Each structure stands twice: as C-alpha cells, then as structure tokens.
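Whenever a hint applies, use it, and build me the whole structure from the sequences.
The primary structure of each chain is shown beneath.
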Amino acid sequence: GNSVTQMEGPVTLSEEAFLTINCTYTATGYPSLFWYVQYPGEGLQLLLKATKADDKGSNKGFEATYRKETTSFHLEKGSVQVSDSAVYFCALSEKTSYDKVIFGPGTSLSVIP
Amino acid sequence: NAGVTQTPKFQVLKTGQSMTLQCAQDMNHNSMYWYRQDPGMGLRLIYYSASEGTTDKGEVPNGYNVSRLNKREFSLRLESAAPSQTSVYFCASRDRAGANVLTFGAGSRLTVL
Chain A
1 GNSVTQMEGP
11 VTLSEEAFLT
21 INCTYTATGY
31 PSLFWYVQYP
41 GEGLQLLLKA
51 TKADDKGSNK
61 GFEATYRKET
71 TSFHLEKGSV
81 QVSDSAVYFC
91 ALSEKTSYDK
101 VIFGPGTSLS
111 VIP
Chain B
114 NAGVTQTPKF
124 QVLKTGQSMT
134 LQCAQDMNHN
144 SMYWYRQDPG
154 MGLRLIYYSA
164 SEGTTDKGEV
174 PNGYNVSRLN
184 KREFSLRLES
194 AAPSQTSVYF
204 CASRDRAGAN
214 VLTFGAGSRL
224 TVL
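In order, the protein sequences belong to chains A and B. Residue 93 in our numbering sits at position 93 of the first sequence; the count goes up by one each step and never skips. Residue 188 in our numbering sits at position 75 of the second sequence; the count goes up by one each step and never skips.
Don't read these hints as lab results, they were simulated from the structure. The model shown is predicted, which means the values in this text are computed figures rather than measured ones. Treat the hints with care, as some may be off.
To be verified - Derived contacts from chain A toward chain B, CB cut-off under 7 Å, selection only: (1) GLY43; (2) LEU44; (3) LEU46; (4) VAL101; (5) PHE103; (6) GLY104; (7) GLY106.
Said to hold, decoys possible - 27 Å max Cα-Cα, derived DSS-like pairs, lysine-lysine: (8) LYS100/A / LYS52/A; (9) LYS100/A / LYS184/B; (10) LYS122/B / LYS170/B; (11) LYS77/A / LYS56/A; (12) LYS170/B / LYS100/A; (13) LYS52/A / LYS77/A; (14) LYS100/A / LYS56/A; (15) LYS122/B / LYS100/A; (16) LYS68/A / LYS56/A.
Claimed, not checked - Okay, the calculated beta carbon distance ranges per label pair: (17) ASP55/A / GLN130/B: 43 to 51 Å; (18) LYS56/A / GLY129/B: 50 to 58 Å; (19) THR5/A / GLY166/B: 28 to 36 Å.
Each residue gets a CB set at the ideal place from its N, CA and C atoms; glycine is no exception.
Below, the structure written as structure tokens:
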C-alpha cells in the first residue's frame, strides 16, 4: 500500500541555519505530495504542495521538489527562524483514490536563538 | 469564516463510557476525515467520508463508529472507551474539486482512564 517515510527527529537548529527534512514515499500511481505544519497546540495546516513530477512547491521560504525518480519530496529552508519551530508532516494523496491522504510520522523542529 | 469546528476540545472518560466527537465544516467540502495523533505515530486515519451518505474505514477503525449526518457534519463515536483510545483527534475536510488540500480542526484531546 501507499506509505510515507520521513526523518523523525527531533531536529534542533540554531536560528539562520539551513534546514532539510527528508521525505520519501511509496505509491502505485502518481500522487500529489504535501507538506503540512503543526504549530504547538494547533491543528495541521498546509505549508506547500506539488501535483506532478519536477514541480516545486514553495511558501514562507520553504521549498520542496517532487522527484519521481527518487520518490522523494524533501523540505528545505535556507535560513530558519525561531517561529519555524513546529512539527512538519509529509503526506501523499493518490490521484486514483483521492479520498485517502496518508501522512508520515512527522518531524519535530526546534529552532533556538 | 470558521473552517472546521470540533467539539469538545478536551474530554476525560472512564473505561467503558461512550462519547461522540462532533465536527462541522462550513466550506461546502465533499470529503471529511477523522484522524488520531499519537506520539511517534504521526496521524492515522480512522474513518473518512467521500460524500454525504458514504463512509469508509481507514487504517485504525476498530472501536469507533462514524456518521455523516449531512454535508457539513461528520461525527466520531466511541461506544465503549478504552485507555488505548487516549489520543488527540483531528477532524478535517477537503474540496475534491478544488485545491485538493485538507483543512483541519483544532483538535480534541481525549483521555480515557
């Protein structure tokens, strides 16, 4: 079945450091890929998405590129801020089965001043 | 513009008690979902509803029932609560025809003693 694997962390970085959170997926078709973010005490919200191979999603300085050949969707940011401290979830949605959205285990990020 | 509203936010139950978590969305979305979030496990899909009148099991449906009362409302019922159901529960909805993105509620923290 479909699945998402991501580095679990926790990840601790100093402010202005470079961030990479790895995400790989297994899917039978050509899924849409997402990164969601969960700030403390809140529900998840969409950070960025990509719907086909080689698409790059971007938002708030975060980027991720849909790599079909490596089945990956790694999240990157060039300079993190304290306000980026949150849990980040990689997710996929199969186009042939739109209704199921599968999440990875989440990666906790703490950014220290 | 409320989005997805869940009630209650917090609940403590004794083993064997029953309760219903309520969820309503005001975005005219077709699909609705119930997830549970546990430390180290990420989000796991309990049940989902692709449209009014239909429901399907997710990864972890045992011990739960759902009702898609109308297009707006999707409730989750625990008939006989167990300590293993202690978790944070999230309701979400999705517009299948639109951006294909999940919108989450703020979560309901349930403790079963």
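Okay, the hints, checked on the actual structure:
For GLY43/A, the suggested interface contact is upheld, since its CB lies about 4 Å from the closest CB of chain B, less than 7 Å. With its C-beta approaching chain B no nearer than about 5 Å, LEU44/A sits inside the 7 Å limit, and its interface hint holds. For the restraint placing LEU46/A at the interface with chain B, the shortest Cβ-Cβ distance is roughly 5 Å, inside the 7 Å limit, so the hint holds. Because the closest C-beta pair between VAL101/A and chain B is about 6 Å apart, less than 7 Å, the hint holds.
Annotation: PHE103/A was flagged as interfacial toward chain B, and the flag holds, the nearest CB pair being 4 Å apart, inside 7 Å. Annotation: interface hint on GLY104/A holds; nearest CB of chain B at approximately 6 Å, less than 7 Å. Nearest Cβ of chain B to the Cβ of GLY106/A: about 5 Å, under the 7 Å cut. The hint holds. Proposed proximity of LYS100/A and LYS52/A is supported: the alpha carbons are some 18 Å apart, at most 27 Å.
Taken as a hint, the LYS100/A and LYS184/B pair is honoured in the structure, with Cα atoms around 18 Å apart against an allowance of 27 Å. At most 27 Å may separate the alpha-carbon atoms for a hinted pair to count; LYS122/B and LYS170/B meet this at roughly 24 Å. Under the criterion of a C-alpha separation no larger than 27 Å, the hint pairing LYS77/A with LYS56/A is consistent with the structure, at around 13 Å. For the proposed pair LYS170/B and LYS100/A, the alpha carbon gap of about 10 Å is at most 27 Å, so the pair holds.
This hinted pair checks out: LYS52/A and LYS77/A have alpha carbons roughly 21 Å apart, not beyond 27 Å. Straight-line distance between C-alpha atoms of LYS100/A and LYS56/A comes to about 22 Å, which keeps the hinted pair within the 27 Å bound. About 25 Å separates the Cα atoms of LYS122/B and LYS100/A, which keeps this hinted pair within 27 Å; it holds. Distance hint between LYS68/A and LYS56/A is fulfilled; the C-alpha atoms sit about 12 Å from each other, no more than 27 Å.
Between ASP55/A and GLN130/B the beta carbon distance is about 47 Å. The supplied range of 43 to 51 Å therefore holds. Here the CB-CB span from LYS56/A to GLY129/B is close to 51 Å, well matched to the stated 50 to 58 Å. Remark: the range hint 28 to 36 Å for THR5/A to GLY166/B is upheld by a beta-carbon distance near 35 Å.
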